[in-house]
Amino acid sequence: MESALSSVGRERRGVDKALHEALRAAERGNRLSTGQALTLLAEADLLDLGHLAHAARFRHNPEPVVTYVVDRNINTTNICLSGCRFCAFYRPPGAEGGYELTREELGRKIDETLALGGTQILMQGGLHPEIGIEATCRTFRFIKEHHPIHIHGLSPPEVVHMAALDGMPLDAALDRLIEAGLGSIPGGGAEILVDRVRGLIAPGKCSAPKWLEVMALAHQKGLNTTATMMFGSLETLPERIEHLARLRELQEQSLSTGRGSFTAFIPWTFQPLNTALAEVTPATAVEYLRMLAVARLFLDNFPHLQASWVTQGAKIAQMALSFGADDLGSTMIEENVVAAAGAHFRLSREEMVRLAGDLGYKACQRDTFYNLV
Amino acid sequence: MAFAASQPKTHHSSVTAIQLLPPLQIPLGLIGDPALRPVADKLAAGRRLDRSDGLALMTSRDLIGLGALANAARQAKNGRQAYYVVNRHLNYSNVCVNRCAFCAFWRSPQDEGAYALSSDEAAVLASEDAGLEISELHIVGSCHPDLPLSYYLELLRAIKAVRPQAALKAFTPVEIDHMARMEGMETRQVLQLLQKAGLVAMPGGGAEIFAPKPRAKLCPRKISGQRWLEICAEAHELGIPTNATMLYGHIETPEDRVEHLFALREQQDLSGGFNAFIPLAFHSQNTVLNELEPTTALDDLRVIASSRLILDNFPHIKAYWVMLGEKLAQVALNFGADDLDGTIIKENITHSAGATTSVGLSEERLRTMIQAAGFKPVRRDCFYHSLEA
Chain A
1 MESALSSVGR ERRGVDKALH EALRAAERGN RLSTGQALTL LAEADLLDLG HLAHAARFRH
61 NPEPVVTYVV DRNINTTNIC LSGCRFCAFY RPPGAEGGYE LTREELGRKI DETLALGGTQ
121 ILMQGGLHPE IGIEATCRTF RFIKEHHPIH IHGLSPPEVV HMAALDGMPL DAALDRLIEA
181 GLGSIPGGGA EILVDRVRGL IAPGKCSAPK WLEVMALAHQ KGLNTTATMM FGSLETLPER
241 IEHLARLREL QEQSLSTGRG SFTAFIPWTF QPLNTALAEV TPATAVEYLR MLAVARLFLD
301 NFPHLQASWV TQGAKIAQMA LSFGADDLGS TMIEENVVAA AGAHFRLSRE EMVRLAGDLG
361 YKACQRDTFY NLV
Chain B
1 MAFAASQPKT HHSSVTAIQL LPPLQIPLGL IGDPALRPVA DKLAAGRRLD RSDGLALMTS
61 RDLIGLGALA NAARQAKNGR QAYYVVNRHL NYSNVCVNRC AFCAFWRSPQ DEGAYALSSD
121 EAAVLASEDA GLEISELHIV GSCHPDLPLS YYLELLRAIK AVRPQAALKA FTPVEIDHMA
181 RMEGMETRQV LQLLQKAGLV AMPGGGAEIF APKPRAKLCP RKISGQRWLE ICAEAHELGI
241 PTNATMLYGH IETPEDRVEH LFALREQQDL SGGFNAFIPL AFHSQNTVLN ELEPTTALDD
301 LRVIASSRLI LDNFPHIKAY WVMLGEKLAQ VALNFGADDL DGTIIKENIT HSAGATTSVG
361 LSEERLRTMI QAAGFKPVRR DCFYHSLEA
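Protein chains in written order, with the working numbering: chain A, 1 to 373; chain B, 1 to 389.
In isolation and in its complexed conformation, chain B is listed as follows (with noise of 0.2 Å):
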């Protein structure tokens, strides 16, 4: 898929210099599944691998073997490393007009439960728990609408000041570009807005699955993969770093979420402002495709550690616990993922489509979790600096 955006490289202090795998040392023993044995020698050779190589990869049944490969990736970019953050999300409206098929949480104006929060509001939230050093405010919501470019500059800025410690990471391509339209503005324009306004990274949603067969049948009225990865170069350009997503376990294939990681790798070698990828499994419930099968545990840690390999240009592969449930988060940390995301303390968007994990986790528990599972938890801050005394 070549429609990655093309745009010159720039060096930002908040967009690191991208580092691909060096050579890894496998233990070939583990592999147990011949078709990822060449795989692997690419890999020791510290060659990149190519779409038949991914395809091999999320095609495996060999846990052991895919847990095996991605450990050695992971080792080779964060060591024994595990990350957390202390967030908080907020969702400052529920009202959509994407409507997307996979989605519980969207509301219409008129419905019960549709809300958009005042800047007030929004700064009430953020500055509950006040004695909680939060180091980052996830912030995303919908397409609303009504709501003008004033008000997400407004909402930036009412957070801002009751949290200025707090990094501010908002709004997913799929708003930056609703924004630019209800203004008639350039996307480029409105992130330099936003930026001024205390924005300073940017989440990974909207990314869904690019393949445009899926895609129609998921969201057909949100923008398509190629401009989701413009606008990520223009955030990367401008030294507002991102992350990116994939929503999987729904009616995507394998070659499918082979093609998304690829582009995604694209990307990063033109831009280099994704810090970490987060692969986020589908929930059904409450949402039109409920009839679906949860994903199951292999399917889950086959994606993470395809992703730790074919990503060699991405710094960070997210666990996201909300997702998988803690349980399995917890083993992702031996399948190529080496951060949790964090505490969160409420999360809503996953909830409403019948997770049932809690909706926070605690400092302390996600350090448990980590040292359990044989690693070494680091708080980290927006950008991935280490926050541990």
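If we strip away everything but chain A, and leave its shape as in the complex, we get (with noise of 0.2 Å):
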């Protein structure tokens, strides 16, 4: 049968074999190899990619719903020791700038939350060098004795650091965390997971390998994490084909083994402005869209996508959903990290359900674990 694609119809007859047979493989809803998403990501049509994406959304998500989840990006310091060569957000120890959230400031933002229909926190702060287990325990116990809410909270990177001030394996820093009331944890601090592109953007981060350590116990234990990629800034094509399989690996481990597992894939692009990496440029709409397609081809073990409006707009973010994604990602009553590399977008529950209303989906609120609200 002749396929009816664009990039490989007749008017494209001499089209590459490698592409042919990623598309058809792709039409199919095989299996992908990374050969064969490197090939797509690098060579096929715009429109074929949102075509083969958007019916591999239907086949995760078969209802004609977008999602997203009221919450509060909630950065308890930007007191850093990673120093990452991308970030605009952080302030090293000691210097200007630098700042703890107080008790009474954290409780009053979650209080806020919850008063907003807000269903959970995402709550992320930096390396800080005094801040480790014990004292984020505390927090915890604190948040859910005073302010009880979903705390969808740290990332590999801060477990990592944490325990390691404390002189505590990640295993027993994840059962404190977890019994302190830790509920899931937001996939930051992935960027890339190839330690060469590390080493250039984020030399003081974990490794990739610590921080897929840390998912797969997380998962383990019973906590649901995401994953997210930033992309754009150092990195090859096949590197970023490199952490999607790296992904899709684990959440096969986790499917299979673990009782937690990813919940989502949240690519976005490296922005910038402020950043040590003030002269590269940033990656476009169509690089975004054609990313956003292949991981949801690629990732066939990850049931959502998160659309990424804060780093593309509301335009992108809609037609984010005709290229893979069933998720609009959180209200964000706010943001810091992203608006201090110069994205200022904004998004609105009333935007969000006109945006996806316009497409013919109805846009329903989630929580934490894509339950309907």
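Honestly, I wouldn't trust all of these hints.
[To be verified] Straight-line C-alpha distance at most 30 Å; calculated DSSO-like pairs for lysine-lysine:
1) B:K196 <-> B:K160
2) A:K17 <-> B:K376
3) A:K144 <-> A:K221
4) B:K77 <-> A:K17
5) B:K160 <-> B:K346
6) B:K42 <-> B:K77
[Claimed, not checked] Examples of chain A residues toward chain B, derived with CB under 10 Å:
7) D48
8) G50
9) T281
10) A283
11) T284
12) Y288
13) G313
14) A314
15) K315
16) Q318
17) M319
18) L321
19) S322
20) E351
21) L355
22) D358
Honestly, the hints are just simulated from the structure, not real lab data.
Even glycine gets a Cβ: it sits at the ideal position worked out from N, Cα and C.
Got two chains here, each in a separate frame; can you build the complex from them with the hints?
Have a look at this one:
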């Protein structure tokens, strides 16, 4: 049967055999090899990618529903030892502009979130020289006692750093955090899960195997987590695919042996303003949509893909809903990190409903675990 | 709508012969919306679309399907080429008697911020960045209550003197009509005088939406759609190519949009001088229509795609990045558009209505956007001749 895709249609009969095979594999819903994913990312027609990713989206999420979560990003501190070159948010210890939220500020932010119908807080900070596992557990217990809400908190680099500060094995550190109230872990700090790239952009952050180890342990202990990818800095296209392959492999393992797993994959583009990598040309919208679509096709064991309106704006976020994404992420009552690097997009709940409805979807609020609220 | 002005077709070097779309090779697997199937069949057979096809396109939610159809037409017209121009905008005055409801740029003569540049001032602005090889100056302003025709002629001469290499793309049909009425002259004669003073092309502004009902609400004092088309026809006959626009995303219906596009297509069949069609997404901030929601990506791309398919006799469809945003303009290259406009340097009109895009883009940035979208950047002049080495 002649494929009806434009890349392999009559007008492009001379199309490369590898591309043809990758497109056919994606069309049939077969598991893609890393080579096929790379071919699609580098060569496939944008509209073919959209068509294929959209079909895959409906295989994973058959209902014409787009979900979103109401939450707030609470950054407990911006004091960070990591010194990542892509970051415009952190302050080194002792530098001007460093802060730590007080308990009162934290409590007030949570109460405001709850008042707005929020179901979780996304709570992250920096690699603070004095805040370890025990101090974090005290904060979690304070929240659970006085301002109860789901804590979608930390990230693998923070867990690794805090465990090292307190001289605690990762396994025990996670047990303590869970006991104190950690409900799930956001997939931040993944950047690109290839140590060559991490050495260039985030030399102070934990290695790729460590990141994966924290997530594997968390899944074993029954925590759900997400996974992110920040692309468009200094990585190559094969390194992006390697990132996806490592996530798919871990997810395979967690789904078969763990009690938790990755709920969603969230790719976004590096925002260079105010960072040490300001000379890097930012990834364009087309590159974002291509990456999103290939991720939807390759990560066949991830239930959800999130659109990144924070880095792409409302218009490309709406397009993402036709390129593989089924979730608009968070309304983000507060966001600090990306804003520090020059992106100031906002998206209200009403706007999400309008954008999804325009494409024929119903927009529904969900909780951390993708249950509809 | 049968108000296309009938003008005998003449052949001037800058007004090229009309070419329609050849039979298109449509990747049918990408068309999800059943309402688009008959449209696809027609396009594959090389038949022109009718108004009901236009409405099917203009109301479809099948983003990928719309893109697949429009991209096939775009490939047939312009291959993998994506054009841009190193240009500059020059707004000579904001004092305007028309006071359109959608506009945040106009001022009354006594208002704070009201201005009209002298020809010397305009020449100074035009000669800024002397090292930059500007190919086109986009010169538009307002319907000023007092300025005589001699002002506009002098303006063109002064700018031409400092930028002899730049094509002067100046004055919308609305301004031409206003000048003629101020002087008690025929528009044709005004066009001839402007042409002698250096005008070589005209922008497509002031078309707004032709349908009388929304037009009466949006811009009651502006010339009618019919008059707008007549003046374009006169320009085309004099060898002055023009562009055409449509302002959408306000109070118009999908039917109004389709009628607008068919009126343009019919006019192009007769006079042949339209180079590019430029859909303009309405920006409401600082206007009396500020309660309107901004257009969505689906709507913007649907208009681009529909116009590429309906306007089968237009050589170019422009994704105007100022109004669409840089990101969506780039994406639009896959949905029928083949031109990103240009560097602009300093855009004033849309930014007074709250556009959050930058006021200008570097040539390097434009080329990067085009290449990253998988197209071949072509720096062009005002007439779409390639300036690539």
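To see whether the hints hold, each was checked on the structure:
| no. | hint | in the structure |
| --- | --- | --- |
| 1 | B:K196 <-> B:K160 | 11 Å, holds |
| 2 | A:K17 <-> B:K376 | 24 Å, holds |
| 3 | A:K144 <-> A:K221 | 20 Å, holds |
| 4 | B:K77 <-> A:K17 | 27 Å, holds |
| 5 | B:K160 <-> B:K346 | 19 Å, holds |
| 6 | B:K42 <-> B:K77 | 17 Å, holds |
| 7 | D48 | 7 Å, holds |
| 8 | G50 | 5 Å, holds |
| 9 | T281 | 6 Å, holds |
| 10 | A283 | 8 Å, holds |
| 11 | T284 | 4 Å, holds |
| 12 | Y288 | 8 Å, holds |
| 13 | G313 | 6 Å, holds |
| 14 | A314 | 8 Å, holds |
| 15 | K315 | 4 Å, holds |
| 16 | Q318 | 4 Å, holds |
| 17 | M319 | 5 Å, holds |
| 18 | L321 | 9 Å, holds |
| 19 | S322 | 4 Å, holds |
| 20 | E351 | 8 Å, holds |
| 21 | L355 | 6 Å, holds |
| 22 | D358 | 5 Å, holds |
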